[in-house]
Every structure is written in structure tokens, then in C-alpha cells.
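Chain B: place on chain A using the hints.
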Amino acid sequence: MIRQIRLKEKSMNILRRWTLFFLAIEIIYFSLVGTNYFSLKNIQEIFISSTIILLLATGQTFVIITGGIDLSVGFMVGFSSVISAKVMVELWGKGFSQEWAIAIGIFSALLIGLIPGFINGFLVAKWRVPPFIATFGMYGIAYGIAEIICGNVPIHNLPPKVGSIGHGYLIYWLPQKIFSFLIKPGNLTRQELKDLIYIVPNITIVTFIFIGIFAFILAKTKFGHHTYAIGGNINAAERAGINVKAHLIKTYMISSFFASLAGVMYVLLYITGRAPAGGARLLDSVVAVVIGGASLYGGKGTIMGTVIGALIIGALEVGLINLSIPTYNLHIAVGCILIFAVIIDQISPEFIYRDQK
Amino acid sequence: MEPLLEVRNITKRFGGLIAVDNVSMKIFPGEVVGIVGDNGAGKSTLIKVISGVYHADAGEIYFDSKRIKINNPMEALRIGIETIYQDLALAENLNVYSNIFLGREKLKKFLGLIDVLDHDYMLNESKKVLNRLEIEIPSLKNKIINLSGGQRQAVAISRSIYWNARLLIMDEPTAALGVVEQEKVLNLVRTLSSQGVSVIVISHQMRDVFSVASRLVVMRRGQKVAERITAKTTHEEVVGLIVGSIGVDVDN
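These protein sequence lines are chains A and B, in that order.
Read in order, the letters of the first sequence correspond to residues 0 to 356 in numbering that gives the first Met the number 0.
Read in order, the letters of the second sequence correspond to residues 0 to 251 in numbering that gives the first Met the number 0.
Check each hint, because a few of them may be wrong.
Listed next, the in silico DSBU-like pairs over lysine-lysine satisfying Cα-Cα at most 30 angstroms (straight line) [unchecked claim]:
| hint | chain 1 | residue 1 | chain 2 | residue 2 |
| --- | --- | --- | --- | --- |
| 1 | A | 40 | A | 221 |
| 2 | A | 221 | B | 140 |
| 3 | A | 219 | B | 127 |
| 4 | A | 219 | B | 105 |
| 5 | B | 65 | B | 25 |
| 6 | A | 244 | B | 107 |
| 7 | B | 105 | A | 249 |
| 8 | B | 126 | A | 221 |
| 9 | A | 160 | A | 176 |
| 10 | A | 85 | A | 249 |
| 11 | B | 140 | A | 249 |
Sample of chain B residues lacking proximity to chain A, with all beta carbon distances greater than 10 angstroms (derived) [to be verified]:
| hint | residue |
| --- | --- |
| 12 | 0 |
| 13 | 5 |
| 14 | 78 |
| 15 | 92 |
| 16 | 97 |
| 17 | 116 |
| 18 | 126 |
| 19 | 127 |
| 20 | 165 |
| 21 | 170 |
| 22 | 205 |
| 23 | 234 |
| 24 | 246 |
I should point out that these hints are in silico values taken from the structure, not numbers from a laboratory.
We put the CB at the ideal spot given by N, CA and C, even for glycine.
In isolation and in its complexed conformation, chain A is listed as follows (with noise of 0.2 angstroms):
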């Protein structure tokens, strides 16, 4: 007995990991087929080129736990991302100085950007409206309100810093000459800034701090824990004086918080903001946190599973333009990769909650 139950977590736990063995057998594929895959400069670029997904996963994936989905997260980018370039805009007009109206423009995002998930949650919580349709309501609300407020075109002509800061790197390299940190060093020679080392871009930095807290509270706090208990059987939660009504609206929340981070991330790396932003950001969200291991029942997954999954598809899109290859059929393999991972999901029923402690 004791026996059988050693076996099957070992079998478990290869399983548990076939998402990794997935990872690095694309990264070694495209290091050995592309040219420079497996360099810093190129691996920095999977992780900036990720940067949407990752954050849209990582709030999906609280959603996905309790068991409810969130579909508004891909027009919520494209939401945030017209409202903080909107507002850089307009006051850097009035005479702002760049770093007034970025930070201005960035918290506006995230504070209007809570809004459309307290709506969600409101509406899965109190009213009982499915997921699915309540958020895709708020997917087509958010879309629409954005179209009206950037009036159908694209935001331009943001500030510079935006720029700056969006393709800035934490550490600037130059062997034996310079070493700085956040500040691009100026007046380099041609052949300088060609040998410049950039070392971990700001975008990624400031991602990976939200998810490393995020991941923190999901794994190691009560809030966590009950997010993993509604998911499991929300009469018991209920029943356990758990207030499942409002941990839904939080849950949602958080979700909604993490879509307009990936506006504003969005607005500094392309130094526009646009209505349709991260509309196509949707499915991949969802694919990242199933790859990773969540169950669309609720109950289970972790933020380190859905890290896992976003860079699945990150690094598979980095290599198809590493190799030339048209982005459409990243589509066909992003498809092929859900369902197959949904399939070692039904095969192990017995491996359905796993990870949590």
C-alpha cells in the first residue's frame, strides 16, 4: 500500500514536471536550429517579449483556482494601456514634467483598472452570473470604452522617458570601462555601444516583483489557502465561515489589476497605448495557466506552473522569428500544446490537486 502510494508520487512528480522537460527541449531546439537563440541578449527578449502573458496569466491563474475564468483580461490591456497614455498625454500638454505625467498616467491605469474586476467579481459573487459571460460582458465593455476614450486612433506622442524607462535595463556594461546601473551611459563611440552588455530589462524586473508577491500570498497565506479551498468546494468554504463572496471579488480583482499592469507595461514598451491591445493576449493566458498545471475546475495550479507555461509560449514565439517563421502558425502550435497538456490532465485523474501544501 505504502508502496503503491511511493510509485505514484513518483510517477507524479515526473509528470509535474513535463512542462519543464517542454521548456528546456524548445530552448535547445531553437539554440541549435536558430541563430544566437541561446544568448543573453536573445533570452532577455523571450522574457520582455513574455511580459504580457506572464502578467495576464499570473492574475488568470487566481481566477482559474477558485474555479471561475476571466475572458475581460485581453481587452482590460488595451483598456489601461489608452487611460495611462491618455493621461501622460494630456499632462505633459499642461505642462507636467515627464515624471509627473508618466507616474500620474500609470497609477490612474491601475486604480480605474480595479474597477471593471470589482464589476466582475460583483457579478460572479452576488448575482451568480457565470464567469464565463459576466467577464466576457466586461471584455466587450472594456473594449468599447477604450475605442471611445483614445477616439478610434492610436495615442501618440507620449513622453520620451516613456521610452526610456520601458526599454531600460537595470545594469549597462561596457568590459573594463563602464558599469551602470538604470542610467544608459551617454557619449559612446559607435563601436562602444555596439559592445554595450544590457543586463535584465526594467519591464522584467518590475513584472517579476508583482508575481514573486503574488505567488508569495497565493502560496503561503490564508488568502491563498481559501482561494485553493473555494475552488476545492465552495459549500465548504462557505460552511468553514469562509466569506466566499467577497474573496471572489478580491480574486477577481487581483486579476483585473494584473491586466492594466500589462497596459502599462504594454504603453512603456511600444510607447503607444491602443484599444486593441492585448485582445489576442486572451487565449495564451488561459493556455499559460493550464500548461501550468491548473485545472479550469478549480482547485489547483500554481503561479510557478503558469510562469512555466507563459514561457513555453514566449520562447516558442521568440524561435518562430528566430527562424523566419510566419507568428501565425505559433497559433497551431500554441492549440496543440493546450490540448496536449490538457490531455495529461484526464489521463491522471488521481494527479488532479497536487502542489498544494
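Positioned in the frame of chain A, the structure of chain B alone reads:
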């Protein structure tokens, strides 16, 4: 000895249907009472009144000789009345000790700042209560989904005992269990009783109630038709009372 719980003249109606009709009963500390009756006899309605799910239309409830009003299940829990329903109310994706502490998690400070779950404390406390009740579960880090039906029942019971339940109401505790597991659950009921916990068992299984209960309350069509000391009655008599082939007690 004073009764732990006494209900007097409880009546509960649903529209024109009288589900519980003027029922009175007592239960003493450490006593196991069986409530038996056919489907629709009013057993479940009666215990739902006691556990705060339904409000009685008439009648009084006394706990520790004090008259109490139970407005909802949370209040019943606070008083010390816990009901173990057939669905057990466990989160199957969480482990044993997490379920025992669900909603009342023990926290500790992380880096002196942030409240995080104190897994070691919860694990050790859970071990203590399981040992006290002589329950064997291989590892308390096992998730509920990996446990048998009887083990799940034991977890649900340990949870209520840990949180100081003084009266346990068990609704069909042995339904859906194998024979060996049934015996374990009945043993657990005996252990609870020996430790001063009162238990009301509702069951269709004559064998179960006869083996653990010291007193039987027989219900039929919403009324309490008889009360018997288990040692002084027989299966045949109780079945007769349930189906109505034996008349109602005169003194009732």
C-alpha cells in the same frame, strides 16, 4: 444529571405539511441517541431545527439548561452543536490538517511582518486530536481525495471535536461505507461518547443504531411515536414502531 440538550414541543411546518409535530427529546452528556424512522418521518427536519438550518414554528431549545435561540448554522457551531452531513463539507484538494483548520487557520509572522500559514502548528495540533480519537490516517499531509470514505468522516469529526463541539449530529454516518469502514466509524462514535461528547445518530441501519445508541427515538409522520432504551427492546419492536404495525406509546 442535567441534559446537555433538551428540545420541548418542537413543531415545524412547511405550508400545510407538518414535518415535525410537537416533538420533545433530551440528550445527556456523553450519551448516544439514535433517531430512527422511515423516509419523510421528520428526522432530518428535526435535526435541521437543532442545527440552525430551519427555525421551529413552535417549541423551545435548551442547551446546558439555558434556553437558546439558534438562528443559523454558524450560531449552532459557536454553541457547540455540529452536524456532520453526508457530503462532509471537506475541500478534497486540501490536506487533512488544512481541512481541520479551514476558516480558522493558525498564522505566524514571516520576517516579523507578514502573516503566513503556520503549517507545523496545524499539523501537530491535528495529530493530537486524531490521536485522542484513536483515528489512524497514514499522513495528515494527504489530500482528502486520497482518503477513504471512513477516513473522510473521521477528518470531519476530528475537525468538530478540535473546535470544541459538545454535541455531534451525524446524518446517516455509515451510508456509502464498506463494512470494515462502517465498524470504524461506529467505534469512533463510542470513543467520542466515552470522552463526554454527545452524539445523535440518524440512520436507516438498525444494526448501527443498536450497536452504538443507548436510547432510540422513533419517529413516524412527524411525530415521536416511541422512545426505547436500546438494551430493553428488539429490532422487531423498533421496526414495528417505525412502520406503524405497533401502536403509539400511551405515555407519549
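A quick look at each hint next to the structure:
In summary, the hint linking residue 40(A) to residue 221(A) is not supported, as the alpha carbons are separated by about 39 angstroms, beyond the 30 angstroms threshold. The straight-line distance between the Cα atoms of residue 221(A) and residue 140(B) is roughly 17 angstroms, inside the 30 angstroms bound, and the hint therefore holds. Restraint check: the Cα-Cα separation between residue 219(A) and residue 127(B) comes to about 23 angstroms, which is no more than 30 angstroms; the hinted pair holds. Under the criterion of a C-alpha separation no larger than 30 angstroms, the hint pairing residue 219(A) with residue 105(B) is consistent with the structure, at around 12 angstroms.
This hinted pair checks out: residue 65(B) and residue 25(B) have alpha carbons roughly 13 angstroms apart, not beyond 30 angstroms. Simply put, residue 244(A) and residue 107(B) have alpha-carbon atoms about 25 angstroms apart, close enough for the 30 angstroms limit, and the pair holds. Restraint check for residue 105(B) and residue 249(A): the C-alpha separation of about 22 angstroms stays at or below 30 angstroms, so the hint holds. Between residue 126(B) and residue 221(A) the CA atoms are separated by roughly 21 angstroms; this keeps the pair inside 30 angstroms, and the hint holds.
Under the criterion of a C-alpha separation no larger than 30 angstroms, the hint pairing residue 160(A) with residue 176(A) is consistent with the structure, at around 26 angstroms. For the given pair, residue 85(A) sits about 27 angstroms from residue 249(A) by alpha-carbon distance, which is consistent with the 30 angstroms threshold. Among the hinted pairs, residue 140(B) with residue 249(A) is consistent with the structure: their alpha-carbon atoms are about 28 angstroms apart, no more than 30 angstroms. Here residue 0(B) stays apart from chain A, with its beta-carbon at least about 32 angstroms from theirs, past the 10 angstroms limit.
Non-interface status of residue 5(B) relative to chain A is upheld: no Cβ of that chain comes within 10 angstroms, the nearest being about 26 angstroms off. The claim that residue 78(B) lies off the interface holds: its Cβ sits roughly 15 angstroms from the closest Cβ of chain A, which is beyond the 10 angstroms cut-off. In this structure residue 92(B) is not separated from chain A by more than 10 angstroms, as the shortest Cβ-Cβ distance comes to only about 4 angstroms. Distance to chain A contradicts residue 97(B) as a non-interface residue, since its nearest Cβ pair spans about 7 angstroms, not more than 10 angstroms.
Consistency note on residue 116(B): stated as away from chain A, yet its beta-carbon is not over 10 angstroms from all of that chain's, at 6 angstroms minimum. Look at residue 126(B): its CB is around 16 angstroms from the nearest CB on chain A, clear of 10 angstroms, so calling it non-interface holds up. Separation of residue 127(B) from chain A is adequate, the least Cβ-Cβ distance of about 20 angstroms exceeding the 10 angstroms criterion. Its beta-carbon lying about 19 angstroms from the closest one in chain A, residue 165(B) satisfies the requirement of being farther than 10 angstroms from that chain.
Taking the minimum C-beta to C-beta distance to chain A, about 14 angstroms, the non-interface status of residue 170(B) holds against the 10 angstroms cut. Every CB of chain A is more than 10 angstroms from the CB of residue 205(B) (nearest about 30 angstroms), matching its label as outside the interface. For residue 234(B), the requirement that its beta carbon stay farther than 10 angstroms from each beta carbon of chain A is met, with the minimum near 35 angstroms. Residue 246(B), annotated as away from the interface, keeps every beta carbon of chain A farther than 10 angstroms; the closest lies near 41 angstroms.
Of the numbered hints stated above, those contradicted by the structure are hints 1, 15, 16, 17, listed in ascending order.
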